[in-house]
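Letter by letter, the chains look like this.
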Amino acid sequence: MTNGFRIAIGTDPGEVARVNAAFAKFADAHALPAPVRRSLHVALDELLTNTLGHGFAGGRGAVTVEVELRPDVVYVTVTDDGKPFDPFGLAAPVPDTALPLAERPVGGLGLHLVREMMDEVSYRRRGDRNVVTLAKRFAAEGGGGQ
Amino acid sequence: MNITTRAQQGVTLVAIAGKLDSNTSPEAQRALDAILGGGGRRIVVDFTALDYISSAGLRVLLGAAKRLSGTGSALRLFGLNDTVREVFEISGFSKILAVFPTEADALAGL
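Quick note, the sequences are listed as chains A and B, same order.
Each position in the first sequence, counted from 1, maps to that position plus 1198 in the working numbering.
Each position in the second sequence, counted from 1, maps to that position plus 6 in the working numbering.
Just so you know, these hints were derived from the structure itself, not from any lab.
Yeah, the Cβ is synthetic: ideal placement off N, Cα and C, and Gly gets one too.
It is possible that part of the hints are untrue.
Estimated spans, in silico, between C-beta atoms of each pair [as the list claims (entries may be wrong)]:
id	chain 1	residue 1	chain 2	residue 2	range
1	A	1324	B	43	18 to 28 Å
2	B	111	A	1264	23 to 33 Å
3	B	111	A	1300	23 to 33 Å
4	A	1317	B	54	21 to 31 Å
5	B	78	A	1258	27 to 37 Å
6	A	1282	B	15	52 to 62 Å
7	A	1321	B	11	34 to 44 Å
8	A	1296	B	78	25 to 35 Å
9	B	43	A	1212	46 to 56 Å
10	A	1266	B	78	44 to 54 Å
With the rest of the complex left out, here is chain B (with noise of 0.2 Å):
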């Protein structure tokens, strides 16, 4: 797993490459928590590199969720491929996270 941060206007995105299983997972809460520790309120996750997420993923994403979910917060996510997809199909993430097709989809209005 690779995870590279930016920030531009506001919103903070984060590109998680590879693999977001259980042995990654812990690595993927230290860069959320960090961001969410320095005042990150609006986070976009750019999952177009990421090949699979298992529970322990789901887990750091559904942390991340409940802390920022407050006013002039969110957290979005684009560029699930057809397994992660799924994956959030099945455990119901699809409808309890905000998921976008595209980075300009979810960038837009927030």
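One chain only, chain A, in its complex shape (with noise of 0.2 Å):
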């Protein structure tokens, strides 16, 4: 049995909670560093939040996400059977940081976040599911939170 947990959930936004509540306490039970369980909780909340958001289009599916701990890495991984979109694709702007205040939109920056943030992203059409996975290494040298 590996270290991790599986959680399947409905589209609507409040479900985000659930999962979010679910990854606290398995990154309390396995004592994760600060920046790798804030970086996965920044990540799984912007990744479900564009997944439930735009996905299904108010109706119904399933969205399936999976943590796993490996030695100095944990791996997320979301499925869900909403349309076809590949949040790391060229579909996906990669918003303008630049812009000054007044003409900063209002938006576009979750998934921006989770490829910055995170070491690996990935996306496959798997059948008639999106598969998400990300990868979060332990920093080896310095860098770290407290």
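Put the two chains together into one complex; each comes in its own frame, and the hints tell you how they fit.
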């Protein structure tokens, strides 16, 4: 048995909070380093908010989140049966983060944060499902928070 | 998330503790709206006890900053941990919002 958990959720935006709670419990149980835990919290919030907000157009669907801890790395896999969408592909816009305050659009940053904060991101379409995987490594050198 | 607000010498200090994400950002939005609606024009946000922030939280800060961009108004932040700082760097928010190391720095000259 691996160290991790799997949770199936619905497509209501409030379901993100359930994943958040499950991940917090997992992080506590395995004493994940704070920077790893926090980065994954952010990535899960962004990815799931995007998936639930855009993938189902208000309809029903199935979303599964799997988290696995291996030595010095946490893997996250999010599978959903919503419409095909590669969150890291060309259709996902990269926001202009250099715009001044007054011109800043409200939004568009979430998936950019996921790309930048994770060590690996990938997407594949498997049958009628989107499969997104993330990897966050424990920093070997410095750079950690408290 | 837990929000505590106190006013001192014309400045409203807002301490946001815990998680500022898609689940909690509506509450943070309401708290900031209440301050702005009550005429608060100089707001200092204390992130010392903030665990992490996602784009939903950034959106709330951006909205408040836009409303406070006039003369005599200010939105300042302090106490960012490494993860919050990283989110600010990646998103470019560290360039468009006024971030200070400590409360004293944030209050100085306000």
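Status of each hint after checking the structure:
1. Look at residue 1324 of chain A against residue 43 of chain B: about 49 Å separates their beta carbons, and that is not inside 18 to 28 Å.
2. Under the hint 23 to 33 Å, the C-beta atoms of residue 111 of chain B and residue 1264 of chain A, about 43 Å apart, miss the expected range.
3. Look at residue 111 of chain B against residue 1300 of chain A: about 25 Å separates their beta carbons, and that is inside 23 to 33 Å.
4. Separation of residue 1317 of chain A from residue 54 of chain B is about 28 Å and conforms to the stated range, judged on CB atoms against 21 to 31 Å.
5. Evaluation of the 27 to 37 Å hint for residue 78 of chain B and residue 1258 of chain A yields a failure: the beta carbon distance comes to about 50 Å.
6. The supplied range of 52 to 62 Å is met by residue 1282 of chain A and residue 15 of chain B, whose beta-carbon atoms lie about 56 Å from each other.
7. Checking the proposed 34 to 44 Å range against residue 1321 of chain A and residue 11 of chain B shows it holds: the Cβ atoms sit about 42 Å from each other.
8. For the pair residue 1296 of chain A and residue 78 of chain B, the supplied restraint of 25 to 35 Å holds, since their beta-carbon distance comes to about 27 Å.
9. Against the hinted window of 46 to 56 Å, the Cβ-Cβ separation of residue 43 of chain B and residue 1212 of chain A comes to about 27 Å, which falls outside the hint.
10. Checking the proposed 44 to 54 Å range against residue 1266 of chain A and residue 78 of chain B shows it holds: the Cβ atoms sit about 53 Å from each other.
Checked against the numbered hints listed earlier, the structure breaks hints 1, 2, 5 and 9; every other hint is satisfied.
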